[in-house]
Amino acid sequence: MDSLILTLGWIGMYAPLALGAIGSMVGCARAGMSAAGALLDVESGYGRYIGVAAMPSSQSIYGIVVTMALRRDLTIDNSPGIFGLGVLVGLALMASAFAQGDACAASINASKNKLEIFGISLAPAALVEGFAVFAFVFALVLSAGIPK
Amino acid sequence: MASGYYTILGSLPHLPHFEMAERLPLTRLRLEQRISMLEAEEAKQLYLAEDLISQRKAVASQRTYADMAKRFRKGMAEITQPVLRSYVEDRIDQMTVLAALRLRREGRDLSKGGVNWGLGRRVRYIESHWNDPDFRLTSNYPWLPEARNLLEADDARGLDRFLLNINWQALGWIADREPLGFGGVVAFLFKWDILNAWLVRNAERATQKFKELMGEVKHGQ
Numbered sequence: 001m002d003s004l005i006l007t008l009g010w011i012g013m014y015a016p017l018a019l020g021a022i023g024s025m026v027g028c029a030r031a032g033m034s035a036a037g038a039l040l041d042v043e044s045g046y047g048r049y050i051g052v053a054a055m056p057s058s059q060s061i062y063g064i065v066v067t068m069a070l071r072r073d074l075t076i077d078n079s080p081g082i083f084g085l086g087v088l089v090g091l092a093l094m095a096s097a098f099a100q101g102d103a104c105a106a107s108i109n110a111s112k113n114k115l116e117i118f119g120i121s122l123a124p125a126a127l128v129e130g131f132a133v134f135a136f137v138f139a140l141v142l143s144a145g146i147p148k
Numbered sequence: 149m150a151s152g153y154y155t156i157l158g159s160l161p162h163l164p165h166f167e168m169a170e171r172l173p174l175t176r177l178r179l180e181q182r183i184s185m186l187e188a189e190e191a192k193q194l195y196l197a198e199d200l201i202s203q204r205k206a207v208a209s210q211r212t213y214a215d216m217a218k219r220f221r222k223g224m225a226e227i228t229q230p231v232l233r234s235y236v237e238d239r240i241d242q243m244t245v246l247a248a249l250r251l252r253r254e255g256r257d258l259s260k261g262g263v264n265w266g267l268g269r270r271v272r273y274i275e276s277h278w279n280d281p282d283f284r285l286t287s288n289y290p291w292l293p294e295a296r297n298l299l300e301a302d303d304a305r306g307l308d309r310f311l312l313n314i315n316w317q318a319l320g321w322i323a324d325r326e327p328l329g330f331g332g333v334v335a336f337l338f339k340w341d342i343l344n345a346w347l348v349r350n351a352e353r354a355t356q357k358f359k360e361l362m363g364e365v366k367h368g369q
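Chains as they are written, first to last, in the numbering used here: chain A, 1 to 148; chain B, 149 to 369.
Next comes chain A alone, as it looks inside the complex (with noise of 0.2 Å):
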């Protein structure tokens, strides 16, 4: 039983690293395949388009923060803590970065038709990202709390 209480804290340790990673690639493959397709339909600002398909990537950096402010000697007491903090930020990251990769995709759409609306158009993807910093920052301030 303490093996397994001791292996869920390795896997809460690293989740929020390896969510963050999977949702960054899904979320920057979407917005990048959106901004391939856009480039065969304008004529420049070329990399206005890649330049929104990276956005997905920062739930990556958060991840890694997350993991390294969750690293520490796992024991029997602060295991169940790492594991329910880890998962639960790391999905809520790889959940953002889908989204925003779907937000940053209908950006891309939406601007190349109507070049004026480029800044606003990103707004939707700025408000997943701030929904990626809630999560983030609360892990941080939580796993404070977490026995070392």
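In case anyone wonders, no lab produced these hints; they're calculated from the structure. Don't take each hint at face value.
[To be verified] Calculated lysine to any residue pairs in the SDA-like style (CA-CA distance at most 20 Å, straight line):
| hint | chain 1 | residue 1 | chain 2 | residue 2 |
| --- | --- | --- | --- | --- |
| 1 | B | K339 | B | Q229 |
| 2 | A | K114 | B | P164 |
| 3 | B | K222 | B | R250 |
| 4 | B | K192 | B | G329 |
| 5 | A | K114 | B | P161 |
| 6 | A | K114 | B | L172 |
| 7 | A | K148 | A | I64 |
| 8 | A | K114 | B | K192 |
| 9 | A | K114 | B | E170 |
| 10 | A | K114 | B | P173 |
| 11 | A | K114 | B | I240 |
| 12 | A | K114 | B | Q229 |
| 13 | A | K114 | B | K359 |
| 14 | A | K148 | A | L6 |
| 15 | A | K114 | A | L6 |
| 16 | A | K114 | B | N313 |
| 17 | A | K114 | B | R171 |
| 18 | A | K114 | B | H165 |
| 19 | A | K114 | B | H162 |
| 20 | B | K339 | A | D41 |
| 21 | A | K114 | B | G320 |
| 22 | B | K222 | B | P164 |
| 23 | A | K114 | B | V348 |
| 24 | B | K339 | A | L6 |
| 25 | B | K339 | A | A110 |
| 26 | B | K339 | B | K359 |
| 27 | B | K359 | B | V348 |
Given the coordinates of chain A, assemble chain B onto it according to the supplied hints.
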């Protein structure tokens, strides 16, 4: 390949409402090049559906009812994508309802059945409600009373415009449900068809407008 929709939809231009458009924003050749990014089976189903209900194809090219029914059955057996199948079925039903309205206006009575006249899910239902002004289908097709009024007023152009608007709206809903999926591609292709059909029908008016513009330019010089 599901994620490939992102690339295709990203490569397609915005389609203005058909009544506002002055030209096609994408040629047929370019459209087919973009659709070739889909999996072969999906592209095949799209073209098959287009062949069944397209605004571009002349229905008159199908000579007999048996030919049409055979082509319809064969096509529907191969169209398996739910969103595409649903749209094709709705369009076939729309054509059947309109055919029924026209036949009734000609004085035909199909309430007894036994006549081959329509395709799709509503044929028998329409026959059994032949004497109802809207075949008791207004809850399914809220556009039916307005279409009947236009038909009875002999306003062919108004009816055409009205139905194209209804179909355009339906395609908008499909695109809204799946903005980055197969539904988005389906909506674009059939909206393109509507736009193309509208522009072709308005070619005469466009020629007149072009002459007017040329006249203005000449007088301006």
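Each hint, compared with the structure:
no., hint, verdict
1, B:K339 with B:Q229, "18 Å, holds"
2, A:K114 with B:P164, "12 Å, holds"
3, B:K222 with B:R250, "26 Å, violated"
4, B:K192 with B:G329, "17 Å, holds"
5, A:K114 with B:P161, "10 Å, holds"
6, A:K114 with B:L172, "17 Å, holds"
7, A:K148 with A:I64, "19 Å, holds"
8, A:K114 with B:K192, "32 Å, violated"
9, A:K114 with B:E170, "18 Å, holds"
10, A:K114 with B:P173, "14 Å, holds"
11, A:K114 with B:I240, "35 Å, violated"
12, A:K114 with B:Q229, "32 Å, violated"
13, A:K114 with B:K359, "31 Å, violated"
14, A:K148 with A:L6, "14 Å, holds"
15, A:K114 with A:L6, "54 Å, violated"
16, A:K114 with B:N313, "24 Å, violated"
17, A:K114 with B:R171, "18 Å, holds"
18, A:K114 with B:H165, "16 Å, holds"
19, A:K114 with B:H162, "9 Å, holds"
20, B:K339 with A:D41, "18 Å, holds"
21, A:K114 with B:G320, "19 Å, holds"
22, B:K222 with B:P164, "34 Å, violated"
23, A:K114 with B:V348, "27 Å, violated"
24, B:K339 with A:L6, "57 Å, violated"
25, B:K339 with A:A110, "17 Å, holds"
26, B:K339 with B:K359, "28 Å, violated"
27, B:K359 with B:V348, "17 Å, holds"
When held up to the earlier numbered hints, the structure conflicts with 3, 8, 11, 12, 13, 15, 16, 22, 23, 24 and 26 and fits the remainder.
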